[in-house]
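Single-letter residue listing:
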Amino acid sequence: MDKLKTSHKLLHSFCIRPQTRFEAQNDKEEVLLVLRAHPITLLRTFINTLALFFILFFVNFFFPSFLNISQIIFINIFFLVFLVNYVWFGFINWYFNVGIVTNQRVVDVDFNVILYKEVTYTLISHIEDVTAKTGGFLESVFNFGNLFIQTAGTETNTEFLNIPHPSSAAKIINSIIQSQSNPHGNHIA
Amino acid sequence: METISLDSIGNFFSGDALGFFFIKSFSVVFSLLFTTYAIVIFKQIQGITKTVQNSRNAFIVSFTFFQIIIGFVLLVFSILFV
Chain X
87 MDKLKTSHKL
97 LHSFCIRPQT
107 RFEAQNDKEE
117 VLLVLRAHPI
127 TLLRTFINTL
137 ALFFILFFVN
147 FFFPSFLNIS
157 QIIFINIFFL
167 VFLVNYVWFG
177 FINWYFNVGI
187 VTNQRVVDVD
197 FNVILYKEVT
207 YTLISHIEDV
217 TAKTGGFLES
227 VFNFGNLFIQ
237 TAGTETNTEF
247 LNIPHPSSAA
257 KIINSIIQSQ
267 SNPHGNHIA
Chain R
7 METISLDSIG
17 NFFSGDALGF
27 FFIKSFSVVF
37 SLLFTTYAIV
47 IFKQIQGITK
57 TVQNSRNAFI
67 VSFTFFQIII
77 GFVLLVFSIL
87 FV
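Going line by line, the protein sequences match chains X and R.
So the first sequence is residues 87 to 275, counted in the working numbering.
So the second sequence is residues 7 to 88, counted in the working numbering.
FYI, nobody ran anything at the bench for these hints, they're computed from the structure.
Keep in mind that the hints are not guaranteed to be accurate.
Restraint ranges, calculated between C-beta atoms of paired labels, are given here [stated by the list, open to error]:
| hint | chain 1 | residue 1 | chain 2 | residue 2 | range |
| --- | --- | --- | --- | --- | --- |
| 1 | R | VAL35 | X | SER151 | 20 to 26 angstroms |
| 2 | X | TYR202 | R | PHE78 | 34 to 40 angstroms |
| 3 | R | ILE75 | X | ASP215 | 45 to 51 angstroms |
| 4 | X | PHE177 | R | LYS56 | 16 to 22 angstroms |
| 5 | R | PHE87 | X | VAL145 | 16 to 22 angstroms |
| 6 | X | HIS94 | R | VAL35 | 40 to 46 angstroms |
| 7 | X | THR240 | R | ALA64 | 35 to 41 angstroms |
| 8 | R | GLN59 | X | ASP215 | 28 to 34 angstroms |
| 9 | X | GLN236 | R | LYS56 | 25 to 31 angstroms |
| 10 | R | THR42 | X | ASN154 | 25 to 31 angstroms |
| 11 | X | VAL227 | R | VAL35 | 41 to 47 angstroms |
| 12 | R | LYS30 | X | ASN232 | 24 to 30 angstroms |
| 13 | R | LYS30 | X | GLN236 | 34 to 40 angstroms |
| 14 | X | ILE163 | R | LYS56 | 17 to 23 angstroms |
Just so it is clear, CB atoms sit at the ideal spot from N, CA and C, and this is done for glycine as well.
For reference, chain X alone in the conformation it holds in the complex:
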């Protein structure tokens, strides 16, 4: 576990030992892994934005026949602001839907900009099983998938969806579990 070196892959969607903290972090707690969805999942947002931009561009040819100049300027500015916000909304949802693995806990932050925020904390010692699942065309090509962390009893199970390199993440979490159960052993991710 100590041999994990700082690295940031795929637009900070797979970060090892990053400069990230969270609200309920203890003094002795160290963030080892920060996971976000693979950036390719933002592709739909960008395609929609491009399509809407082209619609605006072509509709502008018809505006002068029935709108005055100030109305055309307003509609263009408003639509562009809307498009920027659409991208920003997608980015914020992606950026703050984050999974954090520390040397003591696994933290799952589910954030939807408008609707809700949910933060789930799971102690490493309560983890029973870690499963990485990959399936589908894009998932196979870009190597991303889901990571399911099962806990004992009635506690909430944690899942990180569409994360890059799910099997590497599972390996790191397993090595943390092993180093906790056998603190003097030599378990390296």
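Keeping the supplied structure of chain X fixed, place chain R upon it in accordance with the hints.
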């Protein structure tokens, strides 16, 4: 007392005046909605940046605050110039 004829009301709700009324109301209402949305997003972002803290949060909060300013500019523009 001045009387309002039905013809004048009919003239108002037809042709250019109706189009102008539609564009004006659309622009003011949607600018208000956007400003409200920007304020909600700003408050939400302030909350989430306390939960997940890193060096890029200052930029994200600033950009979100900038959207509130844009919303007010759009509102003023829609009231005065559209």
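Results for each hint:
1. R:VAL35 to X:SER151: 20 to 26 angstroms: holds (24 angstroms)
2. X:TYR202 to R:PHE78: 34 to 40 angstroms: violated (27 angstroms)
3. R:ILE75 to X:ASP215: 45 to 51 angstroms: holds (49 angstroms)
4. X:PHE177 to R:LYS56: 16 to 22 angstroms: holds (19 angstroms)
5. R:PHE87 to X:VAL145: 16 to 22 angstroms: holds (20 angstroms)
6. X:HIS94 to R:VAL35: 40 to 46 angstroms: holds (43 angstroms)
7. X:THR240 to R:ALA64: 35 to 41 angstroms: Cβ of X:THR240 to Cβ of R:ALA64: about 40 angstroms, so the range 35 to 41 angstroms holds.
8. R:GLN59 to X:ASP215: 28 to 34 angstroms: holds (30 angstroms)
9. X:GLN236 to R:LYS56: 25 to 31 angstroms: For R:LYS56 against X:GLN236, whose Cβ atoms are near 29 angstroms apart, the range 25 to 31 angstroms holds.
10. R:THR42 to X:ASN154: 25 to 31 angstroms: holds (27 angstroms)
11. X:VAL227 to R:VAL35: 41 to 47 angstroms: holds (44 angstroms)
12. R:LYS30 to X:ASN232: 24 to 30 angstroms: Violated, since R:LYS30 and X:ASN232 (Cβ atoms, about 49 angstroms apart) do not stay within the stated range.
13. R:LYS30 to X:GLN236: 34 to 40 angstroms: Violated - the Cβ-Cβ distance for R:LYS30 and X:GLN236, about 57 angstroms, lies outside 34 to 40 angstroms.
14. X:ILE163 to R:LYS56: 17 to 23 angstroms: Since the Cβ atoms of X:ILE163 and R:LYS56 sit about 33 angstroms apart, the hinted range of 17 to 23 angstroms is violated.
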